[in-house]
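Asker: Chain residues, written in single-letter form:
2 protein chains.
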Amino acid sequence: MIGFVMKKNAIYAQSGGVTAVINASAAGVINACRDYAHQIGTLYAGENGILGILTEDLIDTTHESRELIDGLRHTPSGAFGSCRYKLKSLEQNRREYERLIEIFSAYDIGYFFYNGGNDSADTCLKVSQLAKEMGYPIHAIHIPKTIDNDLVITDNCPGFGSVAKYVATSIREAGYDLESMYKTSTKVFILEVMGRNAGWIAAACGVASTHDGEPPHIILFPEVPFDEDKFIDAVKLAVDRHGFCVIAVSEGVKDKNGVELSASQTNVDDFGHQQLGGVAPILAGIIKKRLGLKYHWAVADYLQRSARHIASASDVEQAYVCGYRGVEFALQGQNAVMASIKRVSQEPYLWDIESVDLAKVANHEKFMPNDFISNDGFHITQKCRDYILPLITGEDYPPFKNGLPEYIRLKKHKVQKKLPVFEVTR
Amino acid sequence: MIGFVMKKNAIYAQSGGVTAVINASAAGVINACRDYAHQIGTLYAGENGILGILTEDLIDTTHESRELIDGLRHTPSGAFGSCRYKLKSLEQNRREYERLIEIFSAYDIGYFFYNGGNDSADTCLKVSQLAKEMGYPIHAIHIPKTIDNDLVITDNCPGFGSVAKYVATSIREAGYDLESMYKTSTKVFILEVMGRNAGWIAAACGVASTHDGEPPHIILFPEVPFDEDKFIDAVKLAVDRHGFCVIAVSEGVKDKNGVELSASQTNVDDFGHQQLGGVAPILAGIIKKRLGLKYHWAVADYLQRSARHIASASDVEQAYVCGYRGVEFALQGQNAVMASIKRVSQEPYLWDIESVDLAKVANHEKFMPNDFISNDGFHITQKCRDYILPLITGEDYPPFKNGLPEYIRLKKHKVQKKLPVFEVTR
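If you read the protein sequences in the order shown, they are chains A and B.
UniProt numbering puts the first residue of the first sequence at 1, with every later residue one more than the last.
UniProt numbering puts the first residue of the second sequence at 1, with every later residue one more than the last.
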């Protein structure tokens with residue numbers, strides 16, 4: 001049952017760090033809006049996320065061909081542009097929220113689809129709150145996206161399954177490399193993966209190890225305070241037992257005082273996050289000093305979150321369906337909800353999308369549960385493995401041309417501005 | 001016409017840094033030996049390369065099933081074990097060469113297949129020379145392998161095409177990432193790739209750029225002395241023009257005095273090579289200091305050479321056929337030759353395998369020709385693009401199980417030793 005009599009327009013924006021599958025969510029939103037064209041008018045997109053909405057830099061998605069929308073499903077990055085821009089609280093920056101409502105009103109927007117992680121869940125909630133306060137009718141729907149997998153009340157977050165598949169594949173491959181070379185060459189290999197506060201991506205490396213002794217041998221989580229002596233003992237033990245040691249480390253691994261090993265106070269982004277990176281060489285230095293072993297290290301950085309060539313089919317599908325169902329939730333009259341993934345059964349892995357109250361999601365962070373981390377703090381448990389495996393299942397290769405994945409670029413037809421210029425104060 | 005009346009045994013060894021496709025060459029050698037079983041007896045393999053031959057740690061490949069041999073074709077790393085161990089000159093360490101002949105004699109070896117890069121080409125040649133001097137009949141065949149693509153008198157080196165496909169795919173994906181985020185976030189991304197002296201892998205990143213302005217914007221080759229001011233100007237120009245700048249850098253990039261930017265004198269491997277790595281953060285530091293731009297960097301390290309999941313079909317096939325044809329060259333009575341790839345035509349890309357004199361290959365290094373590097377020294381030319389593209393063509397995905405590539409491990413049935421112990425002096 002649809003609550004609206006009048007056909008309203010919709011707007012979509014991508015937020016925060018991009019992933020291999022956020023464009024699949026975009027494709028889901030666009031296709032749903034087209035399928036429900038009798039209820040939804042034009043779907044606009046903010047160019048470069050919420051900033052483009054504030055500055056009235058809007059894209060009319062009507063001009064994107066069916067072929068390009070299909071291409072979105074297999075193209076990494078944020079095709080409409082994303083941004084790291086967190087709206088402040090209503091008290092601190094009410095004018096930005098009011099500007100959003102001004103834009104919504106000018107473009108007859110009835111549906112707001114915001115595709116992002118924790119920060120955008122919070123923004124989406126606030127937009128719906130202010131709209132209510134101002135008497136503007138909006139259906140604000142959050143489409144989850146984050147490689148960090150740290151949103152609560154969802155089985156997982158679109159984007160995580162693909163980065164998980166990438167890091168697990170990569171560390172398995174590097175493990176084979178070391179296994180064949182360690183007799184005369186590298187004894188320790190360290191792969192640094194993303195994850196500031198939650199160790200989900202590092203945990204995903206662990207599924208590459210299907211039997212005792214198979215790499216990775218050690219995983220360092222942000223949730224487990226780094227203890228140098230215990231770590232060195234574990235490296236030594238692995239080298240003694242297997243001849244070599246493969247280590248996965250979260251960029252956000254912290255010492256017992258909660259200070260990141262790689263903390264760099266000088267680089268802080270707009271969300272107030274420090275720019276990390278480089279804990280792998282720090283660990284390598286410790287190993288060299290304490291054990292004198294030959295090491296190599298890799299920092300996957302953006303490669304991991306953009307690796308659409310090795311995306312998880314399960315992740316791509318969930319990202320798409322979250323977008324599509326998000327539109328349906330809006331048409332059902334829902335507001336201030338997130339399209340959440342529910343694990344219906346474990347074996348076979350079955351899932352459904354349900355709507356959950358954004359107030360329960362925003363500003364919460366899901367960390368690795370204690371029973372997902374082994375007793376020694378250096379690996380994952382079977383329970384964690386069972387949780388992650390279905391999320392990396394299936395391959396969904398992009399088309400290739402001349403040896404390279406063929407990703408698309410949208411036309412991004414800009415809408416003629418009609419409102420006064422708005423200065424974004426940063 | 002086969003010169004031998006008696007059926008002789010054969011021995012195979014893997015050498016140096018492993019690749020995504022060296023096992024495909026092993027599969028080619030094994031299958032050829034099996035196909036020519038009326039002329040070749042047992043095929044042994046040295047465990048961990050030439051070291052295993054010296055210490056009589058031999059694997060009888062007869063025990064490997066057809067299924068495992070097929071699995072070799074899609075498994076990265078060196079399945080028999082490889083080593084970084086360069087035999088010294090005949091004058092400096094004659095006893096090692098004599099030991100090899102002793103092993104050959106004890107196991108009735110008539111064919112020696114050595115699978116490696118420059119150093120192993122040299123060893124293979126010396127083995128054939130000493131055998132001749134000692135009157136021992138051997139057919140020593142070099143099967144090329146090196147991601148560095150620096151062997152001469154071959155169109156390319158098995159291993160290169162796959163690393164090229166990996167780095168070009170990865171930098172394209174990271175380029176899309178930056179393109180969607182640069183407005184409010186990272187402006188500069190640096191991908192460090194392997195390549196000590198030859199810039200082939202860095203050059204391969206260049207094929208991801210199919211039109212002017214498409215990432216990568218800057219490539220730093222070891223062949224082009226690093227000029228900080230020119231580099232900073234180029235970064236600034238790219239950011240001014242495109243809003244962001246994607247950089248590919250060879251680990252071995254050198255200053256005008258020929259000193260590696262990332263040189264670390266304390267880590268030197270057995271081949272006398274310095275252990276490099278970490279030029280990306282050095283460049284990031286320069287950019288931050290001079291331009292104050294937000295950056296990210298990745299170091300692919302072993303991930304690039306073991307990334308069998310994104311191997312080039314062309315590379316896998318060439319690696320396999322080099323192994324197979326190498327055996328045929330031996331059976332034709334050839335000695336001290338390399339199975340070399342000849343480009344027969346460019347479009348369509350057609351190739352053949354021919355034997356080339358090892359004396360012309362050993363101790364030579366193929367650098368990027370001047371006309372493969374753009375005039376400003378920061379990119380590749382169309383000629384280079386035309387050379388590399390056929391080498392990354394085609395996908396050859398490994399089988400997947402539970403979301404991860406299913407790589408094999410051989411049985412590695414060890415042969416009972418029968419000779420006196422040999423001490424390897426390192």
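Check each hint, because a few of them may be wrong.
Said to hold, decoys possible - Which chain A residues face chain B? A few, computed with CB under 8 Å, are given here:
{"#": "1", "residue": "55"}
{"#": "2", "residue": "134"}
{"#": "3", "residue": "135"}
{"#": "4", "residue": "415"}
What the hints assert, rightly or not - Quick list of in silico lysine to any residue cross-link-like pairs, SDA-like style, CA-CA up to 20 Å:
{"#": "5", "chain 1": "A", "residue 1": "401", "chain 2": "B", "residue 2": "394"}
{"#": "6", "chain 1": "B", "residue 1": "294", "chain 2": "A", "residue 2": "263"}
{"#": "7", "chain 1": "A", "residue 1": "411", "chain 2": "A", "residue 2": "62"}
{"#": "8", "chain 1": "A", "residue 1": "294", "chain 2": "B", "residue 2": "196"}
{"#": "9", "chain 1": "A", "residue 1": "401", "chain 2": "B", "residue 2": "210"}
{"#": "10", "chain 1": "A", "residue 1": "86", "chain 2": "B", "residue 2": "294"}
{"#": "11", "chain 1": "A", "residue 1": "383", "chain 2": "B", "residue 2": "404"}
{"#": "12", "chain 1": "A", "residue 1": "294", "chain 2": "B", "residue 2": "263"}
{"#": "13", "chain 1": "B", "residue 1": "401", "chain 2": "A", "residue 2": "350"}
{"#": "14", "chain 1": "A", "residue 1": "183", "chain 2": "B", "residue 2": "242"}
{"#": "15", "chain 1": "B", "residue 1": "401", "chain 2": "A", "residue 2": "401"}
{"#": "16", "chain 1": "A", "residue 1": "183", "chain 2": "B", "residue 2": "412"}
{"#": "17", "chain 1": "A", "residue 1": "288", "chain 2": "B", "residue 2": "288"}
{"#": "18", "chain 1": "A", "residue 1": "288", "chain 2": "A", "residue 2": "241"}
{"#": "19", "chain 1": "B", "residue 1": "88", "chain 2": "A", "residue 2": "184"}
{"#": "20", "chain 1": "A", "residue 1": "88", "chain 2": "B", "residue 2": "153"}
{"#": "21", "chain 1": "A", "residue 1": "342", "chain 2": "A", "residue 2": "386"}
{"#": "22", "chain 1": "A", "residue 1": "414", "chain 2": "B", "residue 2": "242"}
{"#": "23", "chain 1": "B", "residue 1": "288", "chain 2": "A", "residue 2": "263"}
{"#": "24", "chain 1": "B", "residue 1": "401", "chain 2": "A", "residue 2": "393"}
{"#": "25", "chain 1": "B", "residue 1": "383", "chain 2": "A", "residue 2": "404"}
{"#": "26", "chain 1": "A", "residue 1": "411", "chain 2": "A", "residue 2": "69"}
{"#": "27", "chain 1": "B", "residue 1": "412", "chain 2": "A", "residue 2": "383"}
{"#": "28", "chain 1": "B", "residue 1": "412", "chain 2": "A", "residue 2": "184"}
{"#": "29", "chain 1": "A", "residue 1": "183", "chain 2": "B", "residue 2": "422"}
{"#": "30", "chain 1": "A", "residue 1": "183", "chain 2": "B", "residue 2": "87"}
{"#": "31", "chain 1": "B", "residue 1": "401", "chain 2": "A", "residue 2": "346"}
As the list claims (entries may be wrong) - Label-pair distances were calculated between CB atoms; the ranges are:
{"#": "32", "chain 1": "B", "residue 1": "66", "chain 2": "A", "residue 2": "233", "range": "37 to 45 Å"}
{"#": "33", "chain 1": "A", "residue 1": "259", "chain 2": "B", "residue 2": "363", "range": "48 to 56 Å"}
{"#": "34", "chain 1": "A", "residue 1": "370", "chain 2": "B", "residue 2": "92", "range": "57 to 65 Å"}
{"#": "35", "chain 1": "B", "residue 1": "406", "chain 2": "A", "residue 2": "418", "range": "51 to 59 Å"}
Derived from the structure by calculation, the hints contain no laboratory data.
No residue lacks a Cβ here, since even glycine has one placed at the ideal position from N, Cα and C.
Asker: So which of the earlier hints does this model not fit?
Answerer: 1, 2, 3, 4, 14, 15, 17, 20 and 27
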